[in-house]
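Protein chains in written order, with our numbering: chain A, 1 to 220; chain B, 221 to 541.
Zero decoy hints are in this set.
Just the calculated beta-carbon pair ranges, DEER-fashion:
1) B/A290 <-> A/R95: 45 to 53 Å
2) A/K188 <-> B/Q233: 26 to 34 Å
3) A/A160 <-> B/A253: 27 to 35 Å
4) A/K188 <-> B/T286: 57 to 65 Å
In case anyone wonders, no lab produced these hints; they're calculated from the structure.
Computed from a predicted model, the values in this text were never measured in an experiment.
All residues carry an ideal CB built from backbone N, CA and C; glycine is no exception.
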Amino acid sequence: MTFSIRQPYIFAKAAMFSGRIKEYPRKNPDPMNLSDEDIVDGVLAGEKELYAVLVERYQRPVYNLMYRYSHNMEEAADLTQEVFVRTFDRLRSFRAGSSFFPWLYALAVNQANDWSRSRARRKARREDYVQDAMFSEAPADQQALIEAKETAEVIDRALAGLPVETRELLIFRYRHERSIREAAMVFKISESAVKMRIKRGLDDLQQELEKAGFDGTKTL
Amino acid sequence: MEPKHFDRKKLEQLLAGTGEPEAPPWLLTRIMAQLDDRRPSFSERMRQWWLHPQSVSFSPAWLVVTVTVAIGAFWLGTIAEQHPGQHRKADFTGEQGSAMVALTDIAEANYSDNLPSLINLGHNYLESGEYQQALLQYEKVLQAAPLEPSALYNRALAYRMLKDTGRAEQAFLSYLDVHRTGKWGRRAIEHLHELGNFTFRGYRIGAGRVVLNMTALLSPDSPARPQELKHLAGALSRAPGSELHLVVYNQGNRSAAKATATALQAQLTKYLGDEHAIPVRGSWFDVAETFTDTNGTDRQLTTGLLIFTRSLEQSNRRNSI
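Excised from the complex, chain A in its bound form:
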């Protein structure tokens, strides 16, 4: 017969009351239904495996961001891995109440910029990127598939012609459907500057597409 005493439990409770740690809702049956913030709380409470849900949710945008910088699949995978590991290390500095993805994306953009500064930029292999592109939303028929692929190729080519910051700002704003405020936080510029750059970016993108003879109505 043995007795057990749970000794420093009070410390954990005190930390939870102080707001440093929130109690993770353990009764939730499916982690995929949890919000990003709940998952962060769970990871901080010791449920490390929950971090896989966050990785699964956001590895695609981070990987693509890294690919746009590195133009190399292996390099992009390595950089993505590094971003998620660093993010895991810094989870404690994630402020409760804010949105996880912009915070993660800001770290990823920083990482990409650091990488870009520290290494000689490799020759663009945009064609590979387009060829490797796969679509998560499968078109209903072959014709739609071809059209969607063509559209993506044209958009990607046009985006590649823009300055890096503008390109990333447009992608973050429209492809990831994020607010002006979040964009300002990620790219560390004012909201008015975000609006201005987006406007100019769209103008430039439109010019690029028109130069390419793209008919925007075709796939819409």
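On the provided structure of chain A, position chain B as indicated by the hints.
Structure of chain B alone, referenced to chain A:
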């Protein structure tokens, strides 16, 4: 293809509608594997240790034994506190006199058990100029521990401060009989030389220095002579590759000087044995020995002994010349 215009809203929809390639399917596994492989940092481990609930398991038998031992230890401690064995704590916060009295009470309770207290008390008396009291304490110490070095030395010092040169001399000799090394050995010889006593002298043997009782070495019947020769032989064993020179002075008596030198040479060779065969050369003179003592004063001794070593290399060179 002809360029065609489309409005801004459509352009935004177009941007939002184009997808991105999927990340490699193995990336998730790789990231999680790297997280699993990493050992948490020290601060993280400490944080987890403090914040996470910890369980302690114990059996009733273990609990009973532990509690019994703890109560037993407490009980023994209480008994020891009630019967402290005549020890009382000294109050050193008051006047020096009351502290001395307290120290005396402690020290005198049991000499053999309170040697450090007695020695400390002697030191306090010595420092405060109460030399007789200091002597009393040091004598008590030496009754219990006759070889106690600080009591032996400070007893001599107390006599010296009291200008009792005869007893000071004897006390320094007693000290040097058993303690010859280190700073206090050198100081004791200095004091003796100041007092005109050259019983003990320091000799350089090889790279080291040895203090010997010269009087005992020069006296064939002295019971201390074999011990001194052993000291010398021990010092010589640490000076390989050299030869020893023994020079005996006896003013006006050459034959006595020769007899002493020859006897010392023979006895020392015997103590050295075959294992440490170091050449021992003897010399004798019928004049007084002139030397500079440890205080830098030139001295003359009608009977004296000079001991020194030379490297064999130096000696051979001289022979070949």
